[in-house]
Structure formats: C-alpha cells, structure tokens
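> Chains as they are written, first to last, in numbering that gives the first Met the number 0: chain A, 0 to 393; chain B, 0 to 177; chain C, 0 to 533.
FYI, nobody ran anything at the bench for these hints, they're computed from the structure.
A virtual CB, placed ideally from N, CA and C, is assigned to each residue, including glycine.
Wrong hints could be hidden among the right ones.
As the list claims (entries may be wrong) - Here are some chain B residues the structure puts well away from chain A; computed CB gaps all over 10 Å: (1) Gly-8; (2) Leu-34; (3) Thr-78; (4) Glu-82; (5) Leu-84; (6) Pro-88; (7) Val-111; (8) Gly-117; (9) Thr-141.
Claimed, not checked - Subject to a maximum C-alpha distance of 16 Å in a straight line, what follows is the list of computed EDC-like cross-link-like pairs (lysine to aspartate or glutamate): (10) Lys-84(A) with Glu-354(C); (11) Lys-85(B) with Asp-130(A); (12) Lys-302(A) with Glu-359(A); (13) Lys-85(B) with Asp-105(B); (14) Lys-147(A) with Asp-56(B); (15) Lys-191(A) with Asp-127(A); (16) Lys-156(B) with Asp-130(A); (17) Lys-84(A) with Glu-516(C); (18) Lys-276(A) with Glu-359(A); (19) Lys-493(C) with Asp-425(C); (20) Lys-156(B) with Glu-269(A); (21) Lys-156(B) with Asp-85(A); (22) Lys-147(A) with Glu-58(B); (23) Lys-191(A) with Glu-278(A).
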Amino acid sequence: MSQLERSVITISSLIRSVHKCGYLVLMMGFSNSALAKSMPFNLTEGVTDVSQQVYDLHMTIFIICCVIGLVVFAAMFWAIFNHRKDKGAQAAQFHENTKVEIIWTAIPFVILIGMAIPATKTLIAMEDPSDADLTIQVTGSQWKWHYKYFGHDVEYYSLLASRQDQIHNQKQKRENYLLEVDYPLVLPVGQKVRFLVTSEDVIHSWWVPAFAVKKDANPGFINEAWTRINEPGIYRGQCAELCGKDHGFMPIVVIAKPVDEFETWLAEQEQKAVAAKAEEQAMLAMSMDMDEMMQLGEQVYNKHCAACHQANGEGLAGVFPALKGSQIATQDILGHINIVVHGKSGTAMQAFGKQLTLKELAAVIGYERNAWDNNTGDVIQPAQVKAVMQQKDL
Amino acid sequence: MASSRRLVGGLCLVVVGMFGFGFALVPLYQVFCDLTGLNGKTSNIVNAQAQSSQGVDLERIVTVEFVTYISKGMQWQLTPKVEQLKVHPGQMYEMEFIATNLSAKDQVGQAVPSVSPGQGANYLNKTECFCFNQQPLAAGETATLPLRFFVDTELPKNISTLTLSYTLYELPQPQQKG
Amino acid sequence: MSTGSASNPLASGVDDHHNHKPNGFFARWVFTTNHKDIGSLYLLFSFAMFLTGGAMAMVIRAELFQPGLQLVEPNFFNQMTTVHGLIMVFGAVMPAFVGLANWMIPVMIGAPDMALPRMNNWSFWILPFAFSLMLMTLFMEGGGPNFGWTFYAPLSTKYSPDSTALFVFAVHLMGISSIMGAINVIVTIVNLRAPGMTMMKLPLFVWTWLITAFLLIAVMPVLAGAVTMVLTDKYFGTSFFDAAGGGDPVMFQHIFWFFGHPEVYIMILPSFGIISAIVPTFSRKPLFGYASMVYATASIAGLSFLVWAHHMFTTGMPVAAELFFMYCTMLISIPTGVKVFNWVATMWRGSLTFEVPMLFAIAFIVLFTIGGFSGLMLAITPVDFQYHDTYFVVAHFHYVLVSGAIFSIMAASYYWLPKWTGYMYDDYLAKWHFWCSLISVNVLFFPMHFLGLAGMPRRIPDYALQFANVNAVVSLGGFAFGLSQLIFLVVVIKCMRGKGERAAAKPWEGAEGLEWEMPSPAPYHTHTTPPEIK
Numbered sequence: 000m001s002q003l004e005r006s007v008i009t010i011s012s013l014i015r016s017v018h019k020c021g022y023l024v025l026m027m028g029f030s031n032s033a034l035a036k037s038m039p040f041n042l043t044e045g046v047t048d049v050s051q052q053v054y055d056l057h058m059t060i061f062i063i064c065c066v067i068g069l070v071v072f073a074a075m076f077w078a079i080f081n082h083r084k085d086k087g088a089q090a091a092q093f094h095e096n097t098k099v100e101i102i103w104t105a106i107p108f109v110i111l112i113g114m115a116i117p118a119t120k121t122l123i124a125m126e127d128p129s130d131a132d133l134t135i136q137v138t139g140s141q142w143k144w145h146y147k148y149f150g151h152d153v154e155y156y157s158l159l160a161s162r163q164d165q166i167h168n169q170k171q172k173r174e175n176y177l178l179e180v181d182y183p184l185v186l187p188v189g190q191k192v193r194f195l196v197t198s199e200d201v202i203h204s205w206w207v208p209a210f211a212v213k214k215d216a217n218p219g220f221i222n223e224a225w226t227r228i229n230e231p232g233i234y235r236g237q238c239a240e241l242c243g244k245d246h247g248f249m250p251i252v253v254i255a256k257p258v259d260e261f262e263t264w265l266a267e268q269e270q271k272a273v274a275a276k277a278e279e280q281a282m283l284a285m286s287m288d289m290d291e292m293m294q295l296g297e298q299v300y301n302k303h304c305a306a307c308h309q310a311n312g313e314g315l316a317g318v319f320p321a322l323k324g325s326q327i328a329t330q331d332i333l334g335h336i337n338i339v340v341h342g343k344s345g346t347a348m349q350a351f352g353k354q355l356t357l358k359e360l361a362a363v364i365g366y367e368r369n370a371w372d373n374n375t376g377d378v379i380q381p382a383q384v385k386a387v388m389q390q391k392d393l
Numbered sequence: 000m001a002s003s004r005r006l007v008g009g010l011c012l013v014v015v016g017m018f019g020f021g022f023a024l025v026p027l028y029q030v031f032c033d034l035t036g037l038n039g040k041t042s043n044i045v046n047a048q049a050q051s052s053q054g055v056d057l058e059r060i061v062t063v064e065f066v067t068y069i070s071k072g073m074q075w076q077l078t079p080k081v082e083q084l085k086v087h088p089g090q091m092y093e094m095e096f097i098a099t100n101l102s103a104k105d106q107v108g109q110a111v112p113s114v115s116p117g118q119g120a121n122y123l124n125k126t127e128c129f130c131f132n133q134q135p136l137a138a139g140e141t142a143t144l145p146l147r148f149f150v151d152t153e154l155p156k157n158i159s160t161l162t163l164s165y166t167l168y169e170l171p172q173p174q175q176k177g
Numbered sequence: 000m001s002t003g004s005a006s007n008p009l010a011s012g013v014d015d016h017h018n019h020k021p022n023g024f025f026a027r028w029v030f031t032t033n034h035k036d037i038g039s040l041y042l043l044f045s046f047a048m049f050l051t052g053g054a055m056a057m058v059i060r061a062e063l064f065q066p067g068l069q070l071v072e073p074n075f076f077n078q079m080t081t082v083h084g085l086i087m088v089f090g091a092v093m094p095a096f097v098g099l100a101n102w103m104i105p106v107m108i109g110a111p112d113m114a115l116p117r118m119n120n121w122s123f124w125i126l127p128f129a130f131s132l133m134l135m136t137l138f139m140e141g142g143g144p145n146f147g148w149t150f151y152a153p154l155s156t157k158y159s160p161d162s163t164a165l166f167v168f169a170v171h172l173m174g175i176s177s178i179m180g181a182i183n184v185i186v187t188i189v190n191l192r193a194p195g196m197t198m199m200k201l202p203l204f205v206w207t208w209l210i211t212a213f214l215l216i217a218v219m220p221v222l223a224g225a226v227t228m229v230l231t232d233k234y235f236g237t238s239f240f241d242a243a244g245g246g247d248p249v250m251f252q253h254i255f256w257f258f259g260h261p262e263v264y265i266m267i268l269p270s271f272g273i274i275s276a277i278v279p280t281f282s283r284k285p286l287f288g289y290a291s292m293v294y295a296t297a298s299i300a301g302l303s304f305l306v307w308a309h310h311m312f313t314t315g316m317p318v319a320a321e322l323f324f325m326y327c328t329m330l331i332s333i334p335t336g337v338k339v340f341n342w343v344a345t346m347w348r349g350s351l352t353f354e355v356p357m358l359f360a361i362a363f364i365v366l367f368t369i370g371g372f373s374g375l376m377l378a379i380t381p382v383d384f385q386y387h388d389t390y391f392v393v394a395h396f397h398y399v400l401v402s403g404a405i406f407s408i409m410a411a412s413y414y415w416l417p418k419w420t421g422y423m424y425d426d427y428l429a430k431w432h433f434w435c436s437l438i439s440v441n442v443l444f445f446p447m448h449f450l451g452l453a454g455m456p457r458r459i460p461d462y463a464l465q466f467a468n469v470n471a472v473v474s475l476g477g478f479a480f481g482l483s484q485l486i487f488l489v490v491v492i493k494c495m496r497g498k499g500e501r502a503a504a505k506p507w508e509g510a511e512g513l514e515w516e517m518p519s520p521a522p523y524h525t526h527t528t529p530p531e532i533k
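Bound conformation, chain A alone:
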C-alpha cells in the first residue's frame, strides 16, 4: 500500500506541474480578468484530516481508473493501428472465450474490493458521532445562511457581500467576487466542531471544500456534520443544492482562528449582543427625519430587497411582486411593517425582523413607501416597528 501511496504522490505532483503549464497556456489565451486567482485543477487537500483522507482516496481511485483506461485503450488503439483492412489484415472469426471472459469479470471485482476498503474506512471516519467541543446551528434560507452558536447568545445572518453593481458588470469585481460574505462564520482551530444543518424553506446544501463537508439542509429536519480544522485561515464555499433564483449567490465563508483568539472573539460577540439590545432601547426614543430615513433605507433596500423586488421596485412579473404602487407599500402602514418583520409564509418573502436593526427596518419600510413615486409621505420610526414586533396597537 505504501508503494501505491508513493506512486500516487509522484503522479499527483506530476499532474500538478502539468496543470501549471496548462494554466499558463490558458492565461495567455483568455485573461479576461487581471484579478483572477489561479484555479486549482484538482480536488483540494483541505485543512482537516478527513479532507486529506478524501483527497487521497480521490487520487487513488483516479489513478486506478487511469491505469485501467490506459490498458483498455492501448489494446483498442493497437487493434485500430494494426488490424486494419488497408494493411491487409484478415479478420479472425473467434467470438467467445470463456476463460478470458471469466478473467475480465473477476479482475475488476478484485480491483473494486481494493477500492471499497479505503472508501469504507474513510466513510466510517467521517460519520463519527463522538462529542463535539462546539456546536453550530446552520440554517439555510433563500438566499443566505444563519449561524447560531449553540449554548451561546450569538447568532447572525451571513449574506453575500458582492454588490449588485459588480454582479451586473457596472463595477470592477473584487478578488473574492461571489465568495465573500458580510459576517463570516468564525470557528476555532483544533476543536471538534459539529454542524446542525437545517433549512427554513427549500433544500440548501452547506459545503466547504476545504473541510470536505457537504450536508443538505432539509426543511423540518436536522442533519449533522462535523469538522476539526488543522490550520487557521479563511475558507470559502457555496450552496450546493439548487434553491431558486439566487442559488449562485449564497456563499459560505469560514474564518478559522486559534482557540484563544476564537474565545476572545466569541466573548466580544456575546457582549455586542447585549449592547445591541441596549442600543435597541435607545433607538426607540430616536426619531429619523425623511432624508436620513431615505438615505439609510435605500442602502438597506439595495442590499436586502433589490435582488427580488428589483432596484426600481417593479419586481419580476409573476415571480416577485412589484412594490411600486403596490397596496402594501402605499396603504396600511402596520400591514407593511408586519410583512417586512415577519415575512409571508409559503412565499420567498422572508422575515427580516431578526436580520436587521429596528432603525434599518424603519428606514427600509419608509423608503419603500416613498421611493418610485409611492410618495406616501410617511416617515417610519423604530418605535413603530418595535410596537408591531410586540403586537401592541394592533
């Protein structure tokens, strides 16, 4: 086995250098973005023991396939070059040979057993239910991830940070275009981290290649996966199950920190959560004027709402309703606040109550009521939003 492993390593380094050359050739032909990082041409080895095992398994099977392919194709091309009519080849008339047929049924069977043994070992290593040091509740929804540190008062949404103007080619795309989020998941290095994955709406799939973790988020059911990261760093992944319109726009970013740094970070977040609650109280007393509301509201709208309802408020016919001139955005204020805070069940309209601050909620609702000729003149204040959240005055 060690010899096989050694040859695996030699061949894979060979493949890597070939890839580099190939990449240079490609770059000469198509360098349509100066920022483009070089793309690895093979599976990542990742930063966990499991991902390393998975990589080794991948290379082993790949090389076995290559060898079989080489033998079979060599035989075929030998026949193609040597047994051709224009070289005067006379066709033999044999059409069966039981011995040969048994051999080429048996040999693949043996090879398969050779593949199945390491595969089974790796699989069992991956499905280890032993106790974890930290549990993260990962919840997918259209089209973002929500992380909650189990047992800690820390939870937040993680949204795509690439902006609409980059997506629509009006601005230069940043280096990690589509692989960047506003609030990444922060994890400790060296500890066993368990993920409890579920979904609020459709099926999503939480995938970070560097950990070799890909688990479907099924609405109504929890799924479990785990990792133990060996190296600090930033690891990027994407949703891997078609989940509707913005399936391509819900990346995952994980920052792995040494345990002490992680614990400091977590403590800070817990304090922030307390502070945010206090701030919320303060906000209730504040009042925004029209200009401030419209300015903040537009920012919030473009980040959270424009993907569906569109920047011009006209929505997409038949899929996402227009806000421009709509009943909700021009009539009953409480109804409008209610749908933004709590979402609408059975539709893609999600609850923003937990994602945004009171001020942001008030601003975006006010913005929707005044932008695009909706011109209701309403100025919404955080206290009004809070009242709806608490079911007062309804």
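For chain A, the structure is supplied; the task is to place chains B and C on it using the hints.
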C-alpha cells in the same frame, strides 16, 4: 392475436401496479425510516411501560440537546426551558417548552420533531410530547408544552449526544376549539 | 405481398401504389400506422428537440462565458437549465431510441410491423403536444419550470411558478407516450419474431431494447406518481413532501431517483445495442461474447433498481445505507466493463475500416468509458461529498449522455441512413461532422471535470473569478459543438432529398442481419411473409 392481448393486458397491469408502487413508497419510506432512523425521524408515541421494564443505566450519561426552529413567516416563539440535559438511559425525564403566539390571530401550530444523529432517533423515546398534537394558541397567548422522554438503554455506545429539534409550523386552518 | 421496388419512406418520392402508402401528406403522416413512417417521425421530432434543447444550452453557455450577469436573469437561467434537461432527456434521447426501435426492430426480427400499430401512432403524436405544452410555459407570466429537471420538492411545490401544473401534465403525457412505446416493443419482440428467430439469435439492439422497455414500464409509472404528488402538494393541500403536514422532502428524492436511476440506463442500454451492431460490421468479425453481452445488459438493468440513493449521499443517510448503495453502484462497473472489453475484443484481430458510423462507435467506446470512470469515482461515498452537485457531475453525465447516448444515435443514423433513404450520406460532410463533434465535445465537457474539482457548483448563473478562464474555454467548445450539429442537419437533408450516391441493399461489407437482405431504401412494407432464418 389472443396472446398479444394477454401480454398487453399483463404489461398494463405492471404499469398500473408500478404507479401504485410509487404511492406505496410513501408508507414504505416511513417504515424504512423507522427501521433505520433515516432523516432523524422519531418513531411515534412510546408506551411508558416500555421504560419501566428497562431499568436505569446509572453508569452512562448521555447529553440530550434541544433546539427549536420556527418556520418562515410564523410569528411564534418556541424556547426550551433548558438547552441541554444530562440523562441516564432508561430513566424518565420531563422537559418543558414555552410557546408564545406573537401574532394578532388565533393560530394552530404543529411541531415536527427530528433527531440527530439519525441512528439515535429510534432510541429517544417520547411517552408524551406536544408534537403528537396540534397546538392552538390564541393571539398573544403563552403556553407551557410538556415533553416526557427516556433514552433507550440500547443506545449504541458510540453515541453520547442526541439532539432533538422541533420545527414549528402553522397549520393552514385553525380548528375549532373544543 | 413483398415488393422489391425502390420506394422511400423518408424521401418524398412518387407514391408507388404497390406499396399501399396512403395518399396525401396528412393521411400519410398523421394517421400512419406504418412502423417506418412512425420511426421517421420519431427521429425527426427528436432531432428538432435536440436542436431546441441545444439552443437552450447555447444560452446557458453564453451566460457563463464570463463572470457576472450579462444576458439573462438568474430566474430565466434556471428555466433554461431545467427545460434543457427535460427536453434532452424526454424529447431528444428517448424519442430517438424509440424511433430507431420502430424502424429497426420489426425489420431485424422479421416482423411485418409493430404489434400494436394504432397505439404506435398515438404514442408518437402525444409527444408534440407534450412538448408544446412545456415550451409554452416559458412564455407565461412567472415563467416555466425553474427547479431543475429533477424538480426537488419543496422548490417544485411551495416555491414553484404557477405553470407547474402544465409541467406536470406535460410529464404525464411524455410518460404515457414512453409506456405505450415500451409495451409495443415488448409485444413485438415477444410475439412477432419470424419463425426460427430464437431469443438468443436476436440482434443485440433488439435485446437491449427489450430490456430497456421493461425498465420503462417499471419506472415511468413511478415518475408519474412523483409528479402527481407534486401536483397535489402544490394545488390540493396534500403534504407528501412537506414536513409541516408530516411529509418529508427527502422522500421526494427517493421516489424520483427510484425512477431516475433506471432512467439513466434507459438512455444508455439501446446505445450498447447500436455499438454492438456497428463494431462487428466494420471489424468484419462476429461480436465477441454475445451471450455475456445479453447477461451484462440484464444485470445492469437489475442493479439499476438498487442504486438510486447514490444520487443523494449528502441528504444524510445512515452509514449502513451509504455503504450499501456505494457497493451496489460499484458493482455496476463490472457488467459495464465486460461490455467495453467485448467491444475491444471484437475489434481485436479484425479487419477494420473506419467509415463514419465506426468513427462514432469508437468515439463512443472511449468517451463513454471516461464517463464510466468518473461515474465510478462518484460512486465512492466519501469523495462524492466533494463531487456532488458540482461541475464534475455535469461533466460525468454529459460524457455518458452526449458522447455516449447521442454519439451512438449519430452512429446509428449514419449506419442506417442508406437503408432508410436509399442514398449514401455525404461522406465528406459526415467526416467533418464527426471530427468537429469529437474535438468540440471534449473541449466542452472535459474541462468541466476541473471546474468541479476546483469547487464550482452546478446550476449557477454566475461564478467566482478563478473559474473564468476555464468557463470561457468550455463555452467556446459548446458553441463549436452546437454549430457542428448543423452539419449533421445538412447531411440528413441531403440524404432525404435524394442527393448523393444510391445505396446498395447492403452498403457495408461486413454487415449482417435481416435489414441488409432487403433493398435500400427499405420498401414500405417488409417481411409480409416471414423471412427464412439461417
């Protein structure tokens, strides 16, 4: 062509049978889930007598964690009294969840349980659970929802933590209250 | 009543009354019960669908040519991927095989026609309606199906566009058509073989189709069940797939793939039959291991019912189930390997020539095997966690379906075009078609392996910058492959219009089988008296 007719008839029966089989997969799947714990589905109500016959395994401690989710757009809160319990297999435990209807409407909720790891699902036995019933709450009302459970002593040795999740769904039509 | 006169079902020749062909275009094609006419209709229809689905692939590749959103909105992009998949599976590959079955099975087994000619007419004429219905939804408010051809719930139930009911109805129609076609094939093969045509004398194309037909009647009804459940979940308040009502979205995937995996073999088994006809012809040597080919096909079909969950390893399954499905899936590579070995052994010490059908057949063997290897890699559960739902999967199934199934259909078309039309294809253009297709199909699909390994998920309209260069190459390959197929269109039209060399009854020196014992083009009615089987 009598033989053709018979053959066509037979094949049509196969087609109808397989169409039925597609639907038969629904209950078959439930059975399969119960047997294997696929998807963390927990088997339904367990008789309390099943527990008394087991005896308590005081040597062993299993952590049971409780997590809750509210479905999109539903204006309820559901919180477990405690986030986790250390339990002995075979012993009965009582647990409470607090549910509040924050909406302005009377609504009926239905909690859907799921257990992880899936292989452990068959060993988390609930003798009483609010998830067995629909849960009507008036606007603004708060209720305490009970759960009585025990962990089976047969729980595989490699499992030391069981996570029980409840996802709360709104049922479309409020039932009339008895 | 057999006639020897050269008349041509595909070419619009002068009607020969001895052939009892109906008069008039409408009567001839709409009411036809002639297996050759219906076969031609199927083939032409599937080619039209191939071009339609291909146009959608061009939209997809154009959008993916560069990062950023350029041409289409994500929602429309999803409709394109969905409808491209549905059209290629149900509109291009499957009807093409049914067309080949209609044309060739009666001819090959010495039957005068299909066993159920009127049902045959129905099973074809349902299809244009089904596909018009589905294509229509693209123009409706809210758009057409956008949940992937696998229509996973709850994306296809709670979150799908209003047109979903029409999608369901269209799939029902396609299913009914396939089931009727399959019943017809089975009854024909079982009951209408010429005296002396024993089962183990059947050409392999007939054998593989017989097994395919059994797969069809076993799993198309399950698909019908699945779409029915989607329909009732969406419109009638059931909750098969909704956790809120006690259902389970993962169950949808089990039901779908219980259909879906055998479906994959439905799309490849007839290819095996075609390649097993062509390779011996141009090797001038009998097929190696006929019996083992039959057994291998049957065991692939049998195993196909035991491997469905390998499409769903990431949904969260007990280890035991994962292992079971992994082992079963790996086993499939044995009978598949046997087939490849048999083809190579057939070529071994043959007297090979490389006419266009043979070129496509050889390309099939090599490229299909590559697709088989990536399939074996995908079967390995732990690494599947990395490959699943990435471009690696896209590369895999396009190798199997495009350079596999579709190349075999091309090979079959070139092989039998002389028999169908009475004219040889334009060899010069056909060679261009082959070489352009071969090169572009690899430029198109081979780099997708790398994209997948590097971490690009499938079904996304936009991607990170590092994937840009390879995607540009892939798109160029895609455009080239799309254009190459227009050459095939020209070749087919030339044959149909009678341009080119007259074909002999047996244009291929090494060909064997009843179809080569009748004149080219095949008369409108053949085997009206049973042929003598040697």
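> Work down the list of hints and note, for each, if the structure agrees.
Checked hints:
No beta-carbon of chain A is positioned within 10 Å of the beta-carbon of Gly-8(B); the least distance is around 38 Å. At the 10 Å boundary, the C-beta of Leu-34(B) stays outside the reach of chain A, the nearest C-beta of that chain being 17 Å off. For Thr-78(B), the shortest C-beta to C-beta distance to chain A comes to about 13 Å, beyond the 10 Å cut-off, and the non-interface label holds. Not every CB of chain A is more than 10 Å from the CB of Glu-82(B) (nearest about 6 Å), against its label as outside the interface.
With 10 Å as the threshold on Cβ separation, the claim that Leu-84(B) sits away from chain A holds: the shortest Cβ distance comes to roughly 13 Å. The beta carbon of Pro-88(B) sits about 15 Å from the closest Cβ of chain A, which is more than 10 Å, so the claim that it is off the interface holds. Distance to chain A contradicts Val-111(B) as a non-interface residue, since its nearest Cβ pair spans about 5 Å, not more than 10 Å. Once the 10 Å rule is applied to beta carbons, Gly-117(B) is inconsistent with being away from chain A; the minimum gap is 8 Å.
No beta-carbon of chain A is positioned within 10 Å of the beta-carbon of Thr-141(B); the least distance is around 12 Å. The suggested pairing of Lys-84(A) with Glu-354(C) holds, with an alpha-carbon distance near 12 Å, which does not exceed 16 Å. Restraint check for Lys-85(B) and Asp-130(A): the C-alpha separation of about 13 Å stays at or below 16 Å, so the hint holds. For the given pair, Lys-302(A) sits about 11 Å from Glu-359(A) by alpha-carbon distance, which is consistent with the 16 Å threshold.
A hinted pair counts as satisfied when its Cα atoms are at most 16 Å apart, and Lys-85(B) with Asp-105(B) does not qualify at roughly 36 Å. Between Lys-147(A) and Asp-56(B) the alpha-carbon distance is near 33 Å, which puts this suggested pair outside the 16 Å criterion. Of the pairs offered as hints, the one joining Lys-191(A) and Asp-127(A) holds, with about 11 Å between alpha carbons and a cut-off of 16 Å not exceeded. For a cut-off of 16 Å, the pair hint linking Lys-156(B) to Asp-130(A) stands: about 12 Å separates their Cα positions.
Proposed proximity of Lys-84(A) and Glu-516(C) is contradicted: the alpha carbons are some 24 Å apart, above 16 Å. Between Lys-276(A) and Glu-359(A) the CA atoms are separated by roughly 15 Å; this keeps the pair inside 16 Å, and the hint holds. Restraint check: the Cα-Cα separation between Lys-493(C) and Asp-425(C) comes to about 8 Å, which is no more than 16 Å; the hinted pair holds. Annotation: proposed proximity of Lys-156(B) to Glu-269(A) is violated, straight-line Cα distance about 35 Å (limit 16 Å).
Taking the CA atoms of Lys-156(B) and Asp-85(A), the gap is about 70 Å. The hint is violated against a cut of 16 Å. Proposed proximity of Lys-147(A) and Glu-58(B) is contradicted: the alpha carbons are some 32 Å apart, above 16 Å. Our distance criterion of 16 Å between C-alpha atoms is broken by Lys-191(A) and Glu-278(A), whose separation comes to about 35 Å.
In this structure, the hints that do not hold are numbers 4, 7, 8, 13, 14, 17, 20, 21, 22, 23, in rising order.
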